[in-house]
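These protein sequences, in sequence, are chains A and B.
Throughout, the numbering used here is defined as the position within the first sequence, counted from one, plus 260.
Throughout, the numbering used here is defined as the position within the second sequence, counted from one, plus 66.
Calculated directly from the structure, the hints in this document are not laboratory data.
Every value quoted in this text rests on a predicted model; they were computed, and no experiment measured them.
Please note: incorrect hints may appear among the correct ones.
What the hints assert, rightly or not - Sample of chain A residues with no beta-carbon within 10 Å of chain B, all distances over it, derived:
1) F320
2) R368
3) L369
Stated by the list, open to error - Some chain B residues close to chain A (C-beta under 10 Å, calculated; not the full set):
4) F85
5) R87
6) L88
7) A112
8) V133
9) A164
Unchecked claim - Quick list of the computed label-pair ranges, beta carbon to beta carbon:
10) B:G135 x A:D310: 42 to 48 Å
11) A:P284 x B:A106: 26 to 32 Å
12) B:Q74 x A:Q359: 43 to 49 Å
We treat Cβ as the ideally placed atom computed from N, Cα and C, and that holds for glycine.
Next come the chains, spelled out residue by residue.
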Amino acid sequence: MIAEGAFIEVLFPTTEKPRQPGLPHICYCLAVRPPLALVAYTTSAPWPPDAPLPLGIRLFTQEEAIALNQRRAFRLHLNRQARVPLTTSWIPHLNAPNQGVIAVAPERLRQELYDITLELLRRYERNVERLGP
Amino acid sequence: MGRNAARQAITLRLDPEQFRRLESLARAENRTPTNYVETAVLRDMAAKEETTRVITMFVAADAAGLVPGPLARTQGESDERYLERSALTDRLFAIPDAE
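If we strip away everything but chain A, and leave its shape as in the complex, we get (with noise of 0.2 Å):
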């Protein structure tokens, strides 16, 4: 079921339409809290070579994308998430037998990405607190 460390297919919004379900992509649930869930991006495709890799993104190798039943490489933004209804608009397979979870992140990595969320969560408040909402 859908909780804090799975990953789910979701009509994760673009920046061009930022309200609206966008483009399917694997997202890591960070928490749900009916009728909400909080999701952060993931995407296969390359960085740019030349940007330098912010705090929030964690890479994965292609061998951990196999173990969570993922076919490529890929990378999680969990500096870029959505908060989203919980309803088939945004996550097709939430009427699934499974709600559509794709693997759910063992117990250390999803001790890994929490804490990274946290510091993430730490700097984005120091930046408020210092140059406003």
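With chain A's structure known, arrange chain B on it following the hints.
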């Protein structure tokens, strides 16, 4: 004023072989070559902007008015971890939409 009136046009020159590849890639995504290039540039710019942001939060239009309920527990989760995660998600859910 039309959508294009305020938009800046640029000239892009490609070798014929590169243009053929561009056409082929664009066709595969049901895009025009111009739209393909525009989308690729916007994505690259967004990736570079992302390096300067800490968290980008998208809030679905149909989520804006919804109040998040209690956090769903994960299997076998201890009370201590559940409380920690609840506090974390309270703070994450308070982040406003990136727009």
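(Q) So, against the hints stated earlier in the document, which numbers end up violated here? (A) Violated hints: 4, 5, 6 and 11; rest satisfied.
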